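There are 4 protein chains.
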Amino acid sequence: MPDASTTLTDLREIVRRFVEERDWRQFHSPKNLSMSLAIEAAELMEHFQWIDAAESRRIGDDPIKLGEVRDEIADVLCYLLALANELDLDLSTAICDKMVKNAAKYPAELSRGRYAPPPGD
Amino acid sequence: MPDASTTLTDLREIVRRFVEERDWRQFHSPKNLSMSLAIEAAELMEHFQWIDAAESRRIGDDPIKLGEVRDEIADVLCYLLALANELDLDLSTAICDKMVKNAAKYPAELSRGRYAPPPGD
Amino acid sequence: MPDASTTLTDLREIVRRFVEERDWRQFHSPKNLSMSLAIEAAELMEHFQWIDAAESRRIGDDPIKLGEVRDEIADVLCYLLALANELDLDLSTAICDKMVKNAAKYPAELSRGRYAPPPGD
Amino acid sequence: MPDASTTLTDLREIVRRFVEERDWRQFHSPKNLSMSLAIEAAELMEHFQWIDAAESRRIGDDPIKLGEVRDEIADVLCYLLALANELDLDLSTAICDKMVKNAAKYPAELSRGRYAPPPGD
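Residue numbers (our numbering), protein chains in the order written: chain A, 48 to 168; chain R, 48 to 168; chain B, 48 to 168; chain G, 48 to 168.
Note that these hints are calculated values from the structure, not bench results.
Note that the coordinates shown come from a computational prediction; the quantities given were computed from them, not determined experimentally.
Incorrect hints may have been included.
Simulated DEER-style distance windows between Cβ atoms [stated by the list, open to error]: (1) B:Asp135 x R:Glu68: 50 to 58 Å; (2) B:Pro110 x A:Ala150: 48 to 56 Å; (3) R:Glu156 x A:Lys152: 46 to 54 Å; (4) R:Glu68 x G:Arg64: 46 to 54 Å.
C-beta atoms are modelled at their ideal positions from N, C-alpha and C, and glycine is treated no differently.
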């Protein structure tokens, strides 16, 4: 089931089943899940801690390291899906709504090649 | 486009276009994106910092707070999708592969109601 | 050398020597050290992830867990001292200056028992 | 009171008084403080997010940016001191004990210029 044919709901259901089979919803308060997300994000960051940006772009050259990074990314996504399940939030519409705000804050023509809101914003 | 009918590729394309229209791939090294992810995860966590687990489960009662949390969740997901784009990783198969490992580490019958690998693991 | 008789400079020198003996300043850019700090803070947080606030106050009852938490706290402090060394910042005056700002933002009489700036701020 | 003449206890007392004057110990469970620490570390990291390691070494050239970074570092340290206060941990001996472990894990002669435990470790 590749990304091209997998819906967000498909992935959410995989996580939901895993959590329910273990009776883990009792631990999955949004507070705790937000901590889990930050912890997994830090574990992902650890793989890039002592290398520079250019080296980090070549991490795919090393299949073992890429596999580790892939597992950490999956962990972050799992907790994000678990959090969306607990809060009953639709992720796709959340992203679309946020992208509208982002586009207003960073107009394409004024933001080309600069990672900051335009002057005067 | 709700989660039930939106594929991971659909969302990845939204992020990819946003980044390309602004010529931001130059900033999007995996190292930098892993930092962004951790920063956004911390901003999400901030909403739950001083409340307890039970209160955090009721955050949906306050539409304004829920909206803020929803925006932070969208930010985390956007950076995660941007990172998957840079590393050319399929998220759906990454999750499925990781879930197989998780199921081996936390067998359902031995992990019911306990959030730790079974004794002797 | 307990806290009562150890100066910040004493601890900074311990870290400085450790780093110099290993020729590690080349890795210690402020960017990298800020990542290290966030990573170690997440490792500390991991010890409190699935327990509630009340349980976390009793962590000292378990000498093994307290020892692990103590090591993580030491790691965070080491990187903070390394960062102060690289940026040549005096931590004591930085804290005092920040505390003046904090006291203005959270006046004692208006902030008793509430963890937010007073209304209208 | 510069670092050369300020003890860890001096700084801990500043934080302790600030917290007590506001009756904030009720919020300062180790769980919550570990979240605060991670949140402040992320805010610090934000200043280095889109610049490279070399630029981050020159942050001191910009007094305004350096002042912002200095405030974030102070925030991290404040929460670390608050956590040490809650757990009644001596930071100086914690650092010294951890440094003995670090020196065993990263022997100076085998770790010169490499940021990883020696092979076979």
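Consistency of the hints with the structure:
A hinted range of 50 to 58 Å is violated for the C-beta pair B:Asp135 and R:Glu68, which are about 41 Å apart. Taking 48 to 56 Å as the suggested C-beta distance range, the pair B:Pro110 and A:Ala150 conforms, at roughly 54 Å. Distance hint check for R:Glu156 and A:Lys152: the Cβ-Cβ separation is about 49 Å, which falls inside the suggested range of 46 to 54 Å. Between R:Glu68 and G:Arg64, the C-beta spacing of about 52 Å keeps the proposed range 46 to 54 Å intact.
The structure is inconsistent with hint 1 alone, although it conforms to all the rest.
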